[in-house]
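A.B. asks: As a plain string of letters, each chain reads:
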Amino acid sequence: GAGVSQSPSNKVTEKGKDVELRCDPISGHTALYWYRQRLGQGLEFLIYFQGNSAPDKSGLPSDRFSAERTGESVSTLTIQRTQQEDSAVYLCASSLVASGRYNEQFFGPGTRLTVL
Amino acid sequence: AQSVAQPEDQVNVAEGNPLTVKCTYSVSGNPYLFWYVQYPNRGLQFLLKYITGDNLVKGSYGFEAEFNKSQTSFHLKKPSALVSDSALYFCAVIKRGGSQGNLIFGKGTKLSVKP
Chain A
1 GAGVSQSPSN KVTEKGKDVE LRCDPISGHT ALYWYRQRLG QGLEFLIYFQ
51 GNSAPDKSGL PSDRFSAERT GESVSTLTIQ RTQQEDSAVY LCASSLVASG
101 RYNEQFFGPG TRLTVL
Chain B
1001 AQSVAQPEDQ VNVAEGNPLT VKCTYSVSGN PYLFWYVQYP NRGLQFLLKY
1051 ITGDNLVKGS YGFEAEFNKS QTSFHLKKPS ALVSDSALYF CAVIKRGGSQ
1101 GNLIFGKGTK LSVKP
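For the record, the sequence lines run as chains A and B.
With the numbering used here as the guide, the letters of the first sequence map in order to residues 1 to 116.
With the numbering used here as the guide, the letters of the second sequence map in order to residues 1001 to 1115.
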């Protein structure tokens, strides 16, 4: 079956511009996550969606970052007024959520964002 | 606070030799533990997880990991390394009963397997 897909795969933008990154999770996965991976570093949690619950936004680094999810499907991560330090690979993941257990996340290929 | 440590930035192994990639964690209570692998220019792939039961967990591509509660470790191992195992490996932990979103990743260990 199809995995997690992300678009675009690469995005080059100028400082100050807004960007939108898209994630299509695996069908049936109720949980969706966004991470940021700077060059040579580990994953930095950004935001988590689970069903119709309020998202966990605790990882968003500033109010320039926001994300939306339509039901249990597509999510978009928006970065407003991009800065050079926003340059990174943005990874999306999805997982099944079952009461009382934690299931592994399945990751998309990422969007490489370069802010000039 | 939860944390994961991967003390080695890089591990170099000769093909055919056993490999170990180290991971220690700090989480109150009993954790769920994961290993992921990231091949060049590709997304992360799930390798294995420890939930409960047998401390030795077997995963994809011949990898295994041993949960050691007293040492709070979850080292990744493989008896015989392949050149194709060369990649970036991430250990991750989440507190049992905690927020599903609160998966903490280590900084990663680059594994290089030479022929």
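No wet-lab data here; the hints were simulated from the structure.
Certain hints may be false.
[As the list claims (entries may be wrong)] Take a look, some chain B residues computed to stay more than 10 angstroms from chain A by CB distance:
hint : residue
1    : 1007
2    : 1008
3    : 1014
4    : 1015
5    : 1063
6    : 1064
7    : 1070
8    : 1077
9    : 1079
10   : 1083
11   : 1086
12   : 1108
13   : 1114
[As the list claims (entries may be wrong)] Computed cross-link-like contacts, BS3-like style, restricted to lysine-lysine with a CA-CA straight-line distance of at most 25 angstroms:
hint : chain 1 : residue 1 : chain 2 : residue 2
14   : B       : 1107      : A       : 57
15   : B       : 1022      : A       : 57
16   : B       : 1049      : B       : 1022
17   : B       : 1107      : B       : 1058
18   : B       : 1114      : B       : 1022
19   : B       : 1058      : B       : 1114
In this text the structure is predicted, and so the values were computed from the model without any measurement.
Glycine is no exception: its CB is placed at the ideal position from the N, C-alpha and C atoms.
A.B. asks: All hints are to be evaluated individually against the structure, with a verdict given for each.
C.D. replies: Going through the hints against the structure:
no.: 1; hint: 1007; verdict: holds (13 angstroms)
no.: 2; hint: 1008; verdict: holds (13 angstroms)
no.: 3; hint: 1014; verdict: holds (25 angstroms)
no.: 4; hint: 1015; verdict: holds (25 angstroms)
no.: 5; hint: 1063; verdict: holds (14 angstroms)
no.: 6; hint: 1064; verdict: holds (16 angstroms)
no.: 7; hint: 1070; verdict: holds (23 angstroms)
no.: 8; hint: 1077; verdict: holds (19 angstroms)
no.: 9; hint: 1079; verdict: holds (23 angstroms)
no.: 10; hint: 1083; verdict: holds (22 angstroms)
no.: 11; hint: 1086; verdict: holds (16 angstroms)
no.: 12; hint: 1108; verdict: violated (5 angstroms)
no.: 13; hint: 1114; verdict: holds (21 angstroms)
no.: 14; hint: 1107(B) - 57(A); verdict: holds (21 angstroms)
no.: 15; hint: 1022(B) - 57(A); verdict: violated (30 angstroms)
no.: 16; hint: 1049(B) - 1022(B); verdict: holds (15 angstroms)
no.: 17; hint: 1107(B) - 1058(B); verdict: holds (23 angstroms)
no.: 18; hint: 1114(B) - 1022(B); verdict: holds (19 angstroms)
no.: 19; hint: 1058(B) - 1114(B); verdict: holds (24 angstroms)
Consistency with the previously given hints fails for numbers 12 and 15, ordered from lowest to highest.
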